[in-house]
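Work the whole structure out from these sequences, hints included.
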Amino acid sequence: MIRACAVADLPEGEALRLDGPVPIAVFHTEHGFYAVDDTCTHQDASLADGWLEGCFVECPLHAAQFDLRTGVPTCLPAKNPLRTYRVVVTDGVVYVAAPVPAVP
Numbered sequence: 042m043i044r045a046c047a048v049a050d051l052p053e054g055e056a057l058r059l060d061g062p063v064p065i066a067v068f069h070t071e072h073g074f075y076a077v078d079d080t081c082t083h084q085d086a087s088l089a090d091g092w093l094e095g096c097f098v099e100c101p102l103h104a105a106q107f108d109l110r111t112g113v114p115t116c117l118p119a120k121n122p123l124r125t126y127r128v129v130v131t132d133g134v135v136y137v138a139a140p141v142p143a144v145p
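Counting from 42, one number per residue, gives the positions in the sequence shown under our numbering.
Treat the hints as calculated values from the structure; they're not laboratory data.
Honestly, I wouldn't trust all of these hints.
[Stated by the list, open to error] Restraint-style ranges between C-beta atoms, simulated for each label pair:
1. His72 x Arg124: 27 to 37 Å
2. Arg110 x Met42: 15 to 25 Å
3. Asn121 x Pro62: 10 to 20 Å
4. Cys46 x Leu117: 12 to 22 Å
5. Gly61 x Val134: 16 to 26 Å
All C-beta atoms in this analysis are idealised placements derived from N, C-alpha and C, irrespective of residue type, glycine included.
Next comes the structure, spelled out in structure tokens:
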């Protein structure tokens with residue numbers, strides 16, 4: 042598990058980006074926390090910089106939209122789904138179940 046942030050540090054309706062070999066975007070929606078690959082599957086754009094509405098995020102580059110619960114795109118130009126990650130909230134801290142990169 043990767044520590045993302047304290048619950049208090051990510052207000053509802055906001056997102057943050059976790060840098061790494063595969064960047065991850067963590068979203069706080071009215072339905073809870075979700076984590077997906079941060080990079081849009083259509084073109085290289087950060088989804089953490091996108092627009093959040095309910096459980097959907099819209100890419101800021103070409104308006105592709107993804108369901109944060111499944112990673113599935115809901116409109117073109119994206120055709121491929123995002124990888125989703127399990128999120129756990131414990132003692133006021135948000136954790137993401139994601140692979141931890143090996144230390145060289």
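Each hint, compared with the structure:
1. His72 x Arg124: 27 to 37 Å: 19 Å, violated
2. Arg110 x Met42: 15 to 25 Å: 20 Å, holds
3. Asn121 x Pro62: 10 to 20 Å: About 19 Å separates the Cβ atoms of asparagine 121 and proline 62, which means 10 to 20 Å holds.
4. Cys46 x Leu117: 12 to 22 Å: 32 Å, violated
5. Gly61 x Val134: 16 to 26 Å: 18 Å, holds
Violation of the numbered hints given earlier is confined to hints 1 and 4; the remaining hints are satisfied by the structure.
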